[in-house]
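Put together the whole structure using the sequences plus the hints.
Each residue of the sequence shown is one higher than the one before, counting from 1 in full-length UniProt numbering.
Hints in this document: simulated from the structure, not taken from any laboratory. Check the hints yourself; a few may be wrong.
Computed Cβ-Cβ distance ranges for the label pairs, DEER-style [said to hold, decoys possible]:
(1) LYS76 - ARG21: 38 to 44 Å
(2) PRO38 - CYS62: 23 to 29 Å
(3) GLN26 - VAL71: 14 to 20 Å
(4) GLU25 - HIS75: 22 to 28 Å
(5) PHE45 - ARG74: 21 to 27 Å
(6) ILE70 - LEU50: 24 to 30 Å
(7) GLN26 - CYS51: 26 to 32 Å
(8) ARG21 - PRO54: 20 to 26 Å
(9) SER23 - THR56: 24 to 30 Å
(10) LEU58 - GLN26: 18 to 24 Å
(11) HIS36 - HIS75: 18 to 24 Å
(12) LEU30 - CYS51: 31 to 37 Å
(13) LYS48 - SER23: 44 to 50 Å
(14) HIS43 - ASP72: 24 to 30 Å
Straight-line alpha carbon distances no greater than 27 Å define the calculated DSSO-like cross-link-like pairs of lysine-lysine that follow [said to hold, decoys possible]:
(15) LYS32 - LYS64
(16) LYS32 - LYS76
(17) LYS48 - LYS76
Even for Gly, the Cβ is constructed at its ideal location relative to N, Cα and C.
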Amino acid sequence: EPPEMELLKFFRPENTTVSSRPSAEQLSNLIKTSLHYPESFNHPFHQKSLCLVPVTLLLSNCSKADVDVIVDLRHKTT
1 EPPEMELLKF FRPENTTVSS RPSAEQLSNL IKTSLHYPES FNHPFHQKSL CLVPVTLLLS
61 NCSKADVDVI VDLRHKTT
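Set out below in structure tokens:
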């Protein structure tokens, strides 16, 4: 009786490591961000030079992975 033929054989070299957690870059691509703010905003600049506009940052995790998010609000020069 002939031996059964193997159609597929899966193997992994011993020195290959499998990451159990996605990289930070991969995780950042799983977060959907959107900003919500008024379309227009009136402010009397002649009375007060600083104008505060309400903005909402909405973060949505598009995966089932646990993700820690850090929002850096420091002003960065370009």
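> Could one say that the CB atoms of GLN26 and VAL71 fall in the range 14 to 20 Å?
Replying inline: About 19 Å separates the Cβ atoms of GLN26 and VAL71, which means 14 to 20 Å holds.
> Between LYS76 and ARG21, does the C-beta distance stay in 38 to 44 Å?
Replying inline: 28 Å Cβ-Cβ, so the 38 to 44 Å window is violated.
>> Run the distance test for LYS32 versus LYS76: straight-line Cα separation, threshold 27 Å.
In response: holds, 22 Å
>> Hinted pair, alpha-carbon criterion (27 Å max): LYS48, LYS76. Please report holds or violated.
In response: holds, 25 Å
>> Given a hint of 24 to 30 Å, does the C-beta separation of SER23 and THR56 actually sit inside it?
In response: holds, 29 Å
> Using the C-beta atoms of PHE45 and ARG74, is the stated range 21 to 27 Å upheld?
Replying inline: holds, 25 Å
> Between PRO38 and CYS62, is the Cβ distance one that fits in 23 to 29 Å?
Replying inline: holds, 27 Å
> Does the Cβ pair LEU30, CYS51 satisfy 31 to 37 Å?
Replying inline: Since LEU30 and CYS51 have Cβ atoms about 34 Å apart, the given range 31 to 37 Å holds.
> Per the hint of 22 to 28 Å, is the separation of the Cβ atoms of GLU25 and HIS75 within bounds?
Replying inline: Given range 22 to 28 Å: holds, Cβ gap about 24 Å.
> Could one say that the CB atoms of ILE70 and LEU50 fall in the range 24 to 30 Å?
Replying inline: Holds, since ILE70 and LEU50 (Cβ atoms, about 27 Å apart) stay within the stated range.
> Range hint 18 to 24 Å: satisfied by the CB atoms of HIS36 and HIS75?
Replying inline: This hint holds: roughly 21 Å between Cβ atoms.
>> Taking 44 to 50 Å as the stated bounds, is the beta-carbon spacing between LYS48 and SER23 within them?
In response: Holds, at about 46 Å.
In this structure, the earlier hints numbered 1, 7 and 8 are contradicted, and the remaining ones agree with it.
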